[in-house]
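Student: Now for the letters of each chain:
Protein chains: 2
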Amino acid sequence: MSVTHPAGFRASGVVAGLKSTGARDLALVVNDGPSKAAAAVFTSNRAKANPVLWSEKVIEDGRIDAVILNSGGANCFTGAFGFQTTHATAEAVADALGVAAGDVLVCSTGLIGVGDQSFRDAILDNVPPAVAALSGERDGGADAALAIMTTDSKPKESTIESRAGWSIGGMAKGAGMLAPGLATMLVVITTDADLDAATLDRALRAATRVTFDRVDSDGCMSTNDTVTLMASGASGVAADEAEFTTALTALCLDLATQLQRDAEGASHDIAIEVVNAASEDDAVVVGRAVSRSNLLKAAIFGNDPNWGRVLAALGTTDAEFDPYRIDVSMNGVMVCREGEPGDDRELVDLTPRATSILIDLKSGDATATIYTNDLTHDYVYENSAYAS
Amino acid sequence: MSVTHPAGFRASGVVAGLKSTGARDLALVVNDGPSKAAAAVFTSNRAKANPVLWSEKVIEDGRIDAVILNSGGANCFTGAFGFQTTHATAEAVADALGVAAGDVLVCSTGLIGVGDQSFRDAILDNVPPAVAALSGERDGGADAALAIMTTDSKPKESTIESRAGWSIGGMAKGAGMLAPGLATMLVVITTDADLDAATLDRALRAATRVTFDRVDSDGCMSTNDTVTLMASGASGVAADEAEFTTALTALCLDLATQLQRDAEGASHDIAIEVVNAASEDDAVVVGRAVSRSNLLKAAIFGNDPNWGRVLAALGTTDAEFDPYRIDVSMNGVMVCREGEPGDDRELVDLTPRATSILIDLKSGDATATIYTNDLTHDYVYENSAYAS
Numbered sequence: 607m608s609v610t611h612p613a614g615f616r617a618s619g620v621v622a623g624l625k626s627t628g629a630r631d632l633a634l635v636v637n638d639g640p641s642k643a644a645a646a647v648f649t650s651n652r653a654k655a656n657p658v659l660w661s662e663k664v665i666e667d668g669r670i671d672a673v674i675l676n677s678g679g680a681n682c683f684t685g686a687f688g689f690q691t692t693h694a695t696a697e698a699v700a701d702a703l704g705v706a707a708g709d710v711l712v713c714s715t716g717l718i719g720v721g722d723q724s725f726r727d728a729i730l731d732n733v734p735p736a737v738a739a740l741s742g743e744r745d746g747g748a749d750a751a752l753a754i755m756t757t758d759s760k761p762k763e764s765t766i767e768s769r770a771g772w773s774i775g776g777m778a779k780g781a782g783m784l785a786p787g788l789a790t791m792l793v794v795i796t797t798d799a800d801l802d803a804a805t806l807d808r809a810l811r812a813a814t815r816v817t818f819d820r821v822d823s824d825g826c827m828s829t830n831d832t833v834t835l836m837a838s839g840a841s842g843v844a845a846d847e848a849e850f851t852t853a854l855t856a857l858c859l860d861l862a863t864q865l866q867r868d869a870e871g872a873s874h875d876i877a878i879e880v881v882n883a884a885s886e887d888d889a890v891v892v893g894r895a896v897s898r899s900n901l902l903k904a905a906i907f908g909n910d911p912n913w914g915r916v917l918a919a920l921g922t923t924d925a926e927f928d929p930y931r932i933d934v935s936m937n938g939v940m941v942c943r944e945g946e947p948g949d950d951r952e953l954v955d956l957t958p959r960a961t962s963i964l965i966d967l968k969s970g971d972a973t974a975t976i977y978t979n980d981l982t983h984d985y986v987y988e989n990s991a992y993a994s
Numbered sequence: 607m608s609v610t611h612p613a614g615f616r617a618s619g620v621v622a623g624l625k626s627t628g629a630r631d632l633a634l635v636v637n638d639g640p641s642k643a644a645a646a647v648f649t650s651n652r653a654k655a656n657p658v659l660w661s662e663k664v665i666e667d668g669r670i671d672a673v674i675l676n677s678g679g680a681n682c683f684t685g686a687f688g689f690q691t692t693h694a695t696a697e698a699v700a701d702a703l704g705v706a707a708g709d710v711l712v713c714s715t716g717l718i719g720v721g722d723q724s725f726r727d728a729i730l731d732n733v734p735p736a737v738a739a740l741s742g743e744r745d746g747g748a749d750a751a752l753a754i755m756t757t758d759s760k761p762k763e764s765t766i767e768s769r770a771g772w773s774i775g776g777m778a779k780g781a782g783m784l785a786p787g788l789a790t791m792l793v794v795i796t797t798d799a800d801l802d803a804a805t806l807d808r809a810l811r812a813a814t815r816v817t818f819d820r821v822d823s824d825g826c827m828s829t830n831d832t833v834t835l836m837a838s839g840a841s842g843v844a845a846d847e848a849e850f851t852t853a854l855t856a857l858c859l860d861l862a863t864q865l866q867r868d869a870e871g872a873s874h875d876i877a878i879e880v881v882n883a884a885s886e887d888d889a890v891v892v893g894r895a896v897s898r899s900n901l902l903k904a905a906i907f908g909n910d911p912n913w914g915r916v917l918a919a920l921g922t923t924d925a926e927f928d929p930y931r932i933d934v935s936m937n938g939v940m941v942c943r944e945g946e947p948g949d950d951r952e953l954v955d956l957t958p959r960a961t962s963i964l965i966d967l968k969s970g971d972a973t974a975t976i977y978t979n980d981l982t983h984d985y986v987y988e989n990s991a992y993a994s
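Going down the list, the sequences are from chains A and B. Mapping the first sequence onto the working numbering, position 43 (from 1) lands on 649, and the numbers just tick up by one. Mapping the second sequence onto the working numbering, position 370 (from 1) lands on 976, and the numbers just tick up by one.
One or more hints might be untrue.
To be verified - Just a sample of chain B residues kept apart from chain A, beta carbon distances all over 12 angstroms, derived:
(1) A613
(2) A728
(3) A748
(4) T765
(5) I766
(6) E870
(7) R915
Claimed, not checked - Some, not all, of what chain A presents toward chain B, calculated at C-beta under 7 angstroms:
(8) G685
(9) I718
(10) G719
(11) M827
(12) T829
(13) L901
(14) G908
(15) G914
(16) A918
(17) G921
(18) P929
(19) E946
(20) G948
(21) H983
(22) S990
These aren't lab readings, by the way, just hints derived from the structure by calculation. A virtual CB, placed ideally from N, CA and C, is assigned to each residue, including glycine.
The whole structure should be built from the sequences, with the hints applied where relevant.
Tutor: Shown next as structure tokens:
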């Protein structure tokens with residue numbers, strides 16, 4: 607159900623011919639209201655795709671009618687022609703729906719540099735079929751979730767119900783380039799709660815900060831990431847902001863861990879939990895540094911509890927801690943205690959996919975968890991062959 | 607010849623039993639003077655091995671008699687016992703040579719957490735044989751270069767002659783964890799020029815800043831890196847500082863590129879040259895960001911000129927440039943021009959091992975080159991099996 611689960615939304619996913627496989631590659635999500643309040647967050651990469659440049663403007667007034675998303679080409683570094691393609695796409699959707707182009711958000715994902723005339727034609731020619739296929743039923747949301755996939759092995763969807771009478775639905779794609787400041791990640795979240803744009807913006811930023819922003823699969827930040835939240839108000843319920851933020855955060859975490867579990871070529875999902883940090887920033891900095899150690903990630907691929915690589919990585923940060931007092935546990939075994947060898951590393955069983963690294967900085971009471979993956983032969987294979 | 611090429615030095619490399627292969631694993635380099643001036647630079651990692659903690663003190667007075675180096679164990683995160691091992695090692699060398707322990711620099715490389723009683727015994731028991739084997743001939747330097755190898759496939763040596771009558775010799779080890787702030791890299795450089803410690807320190811910092819510090823093979827920074835420079839003054843020639851620094855830089859670059867060419871599992875040596883940057887710092891920041899993109903490195907392994915991944919990486923930096931004005935060339939083909947697709951990417955031949963990525967930021971006149979490698983199946987294999 608995902609994005610069509612809350613009342614007031616229709617969605618579709620059609621074949622525009624952008625994917626060489628002939629799979630669905632053009633998705634549309636429409637908010638039928640009565641409210642059109644919305645919020646969005648974008649990649650912090652300075653190299654932004656044309657749809658991001660467009661959509662940053664569209665969201666400024668906190669109101670959108672629809673989001674159109676394509677896979678099969680990033681429309682990034684495609685110059686003025688690429689930007690005109692994005693503009694024309696929004697115009698085509700607006701014409702078909704009878705709304706303003708400035709209320710149509712656009713998202714793309716795929717290879718950077720792809721966005722020529724044939725790309726433009728494929729999208730524009732298939733906006734009418736996408737509009738015609740719009741459905742508020744289960745299939746509409748499911749087709750949209752399929753259409754945004756790239757190297758994802760499966761669609762990612764999530765829903766949450768509130769006893770207060772509103773619900774949230776979401777879909778996501780992303781399998782490589784998962785990194786802070788968002789990942790190659792397109793996410794659309796819908797709710798039938800009645801909330802204004804400012805509240806949606808606060809809730810979305812609070813939720814993404816501790817979920818999508820803490821997935822760091824391979825340290826690479828995308829040019830196209832966009833998370834959009836639309837509220838139709840169709841439930842007629844003005845949700846409590848705190849309750850809504852909590853529910854939204856839970857839904858984002860569910861989608862984020864679905865992304866992690868489907869990361870390109872990964873064989874371990876690694877949760878790096880940093881505790882007793884002097885500040886949350888310190889905990890995040892340390893977690894990220896560890897999550898970016900190729901040496902550690904390769905060791906975990908080989909089921910090798912090489913804790914020295916954890917310490918070598920965190921030693922590169924300027925977070926507050928004494929490196930010779932740190933404890934490190936892997937899957938529950940404290941392999942490093944007070945900066946010295948702890949329990950026997952042979953006790954660590956790294957064969958399960960779910961992997962836990964717990965780092966105790968002993969410098970305060972702040973905590974953060976970073977979600978990453980191991981570095982595998984399949985990662986190298988998939989990413990050396992992506993463009994071909 | 608390497609470290610024994612300049613007059614006034616003897617070296618040896620013996621089998622202490624630290625390597626399971628039975629290969630040489632304990633090296634000693636002695637300065638017989640008349641001058642004992644020296645300088646050293648160390649890893650900037652806060653997690654420092656015990657020999658680094660010791661050697662940082664030893665070098666403070668700019669004078670050392672000898673350097674002892676072991677492979678087969680990092681003696682890092684081994685606590686007070688590990689530090690006592692380092693101290694005892696220096697004492698043993700000092701006793702055998704009739705010098706002060708505070709003038710003996712100690713280096714280790716190998717697995718973090720290794721440094722128990724058997725490690726200590728192996729080193730201490732083999733200091734006398736290492737002293738007995740000291741030789742100023744070619745074999746002495748060659749044996750030392752072999753004894754510091756870990757996953758290196760071959761020893762790295764270099765020499766330079768000055769017409770002024772002095773020479774420099776150097777040896778290096780390092781194959782993984784090659785990153786800024788030095789790599790898992792032990793380097794010993796000798797010269798028979800007559801220079802005081804302050805001059806050596808200036809020259810060494812100037813040389814390493816643009817050579818070893820710009821090798822970023824896999825983004826991982828070691829806990830043990832040390833580059834030591836000793837001057838015997840045995841040529842009787844007080845070298846011109848500028849000429850010496852130039853020669854030292856050339857020698858360091860030679861050793862640094864030998865490290866790059868022998869990086870674990872690599873199939874491409876990638877020189878990322880950033881030109882027309884607003885500052886040298888900007889050029890380095892951009893080069894490093896690109897050198898750390900696993901996606902780009904995997905693409906180059908697959909001979910895929912995926913320039914979008916260059917732009918996605920540099921967009922994560924705060925260097926001064928307009929991402930939509932940048933040119934990117936790969937092996938001489940300008941695949942991205944003014945932030946748009948440039949010449950046909952099919953023209954790029956990435957089959958040679960030597961790979962060039964040229965990034966024109968069009969923001970000033972500063973330049974820097976970062977040396978990195980591709981991300982390969984062999985890298986993953988070697989680093990997932992290192993501890994076993």
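Student: Tell me if P929/A is really an interface residue toward chain B, meaning its C-beta lies closer than 7 angstroms to one of theirs.
Tutor: OK, holds: P929/A within 7 angstroms of chain B, min 4 angstroms.
Student: Would you check whether G948/A satisfies its interface hint, that is, whether its CB is within less than 7 angstroms of any CB in chain B?
Tutor: violated, 10 angstroms
Student: Verify the interface restraint on A918/A: the C-beta must sit less than 7 angstroms from at least one C-beta of chain B.
Tutor: holds, 5 angstroms
Student: Non-interface claim for A613/B: all C-beta distances to chain A beyond 12 angstroms?
Tutor: holds, 38 angstroms
Student: Would you assess whether T765/B, listed as outside the interface, keeps its beta-carbon beyond 12 angstroms of every beta-carbon in chain A?
Tutor: Per Cβ check, T765/B is outside 12 angstroms of chain A; nearest 32 angstroms; holds.
Student: Holds or violated: the hint that H983/A contacts chain B, with Cβ atoms closer than 7 angstroms.
Tutor: Interface hint status for H983/A: holds (5 angstroms vs cutoff 7 angstroms).
Student: Measuring Cβ to Cβ, find out whether E870/B lies farther than 12 angstroms from everything in chain A.
Tutor: Given a closest Cβ separation of 9 angstroms, the condition is violated.
Student: Should the interface hint for M827/A be scored as holding, given a Cβ-Cβ cut-off of 7 angstroms against chain B?
Tutor: holds, 5 angstroms
Student: Was A728/B rightly flagged as not at the interface, with every chain A Cβ beyond 12 angstroms?
Tutor: Check passes; 18 angstroms lies beyond 12 angstroms.
Student: Against chain B, is T829/A within 7 angstroms by beta-carbon distance?
Tutor: T829/A check passes; min Cβ-Cβ to chain B is 5 angstroms, inside 7 angstroms.
Student: The output says R915/B does not contact chain A. Does that hold with a beta carbon cutoff of 12 angstroms?
Tutor: violated, 7 angstroms
Student: Min Cβ distance, S990/A to chain B: is it shorter than 7 angstroms?
Tutor: Result: holds, 3 angstroms to nearest chain B Cβ.
Hint check: violations occur at hints 6, 7 and 20; the rest are consistent with the structure.
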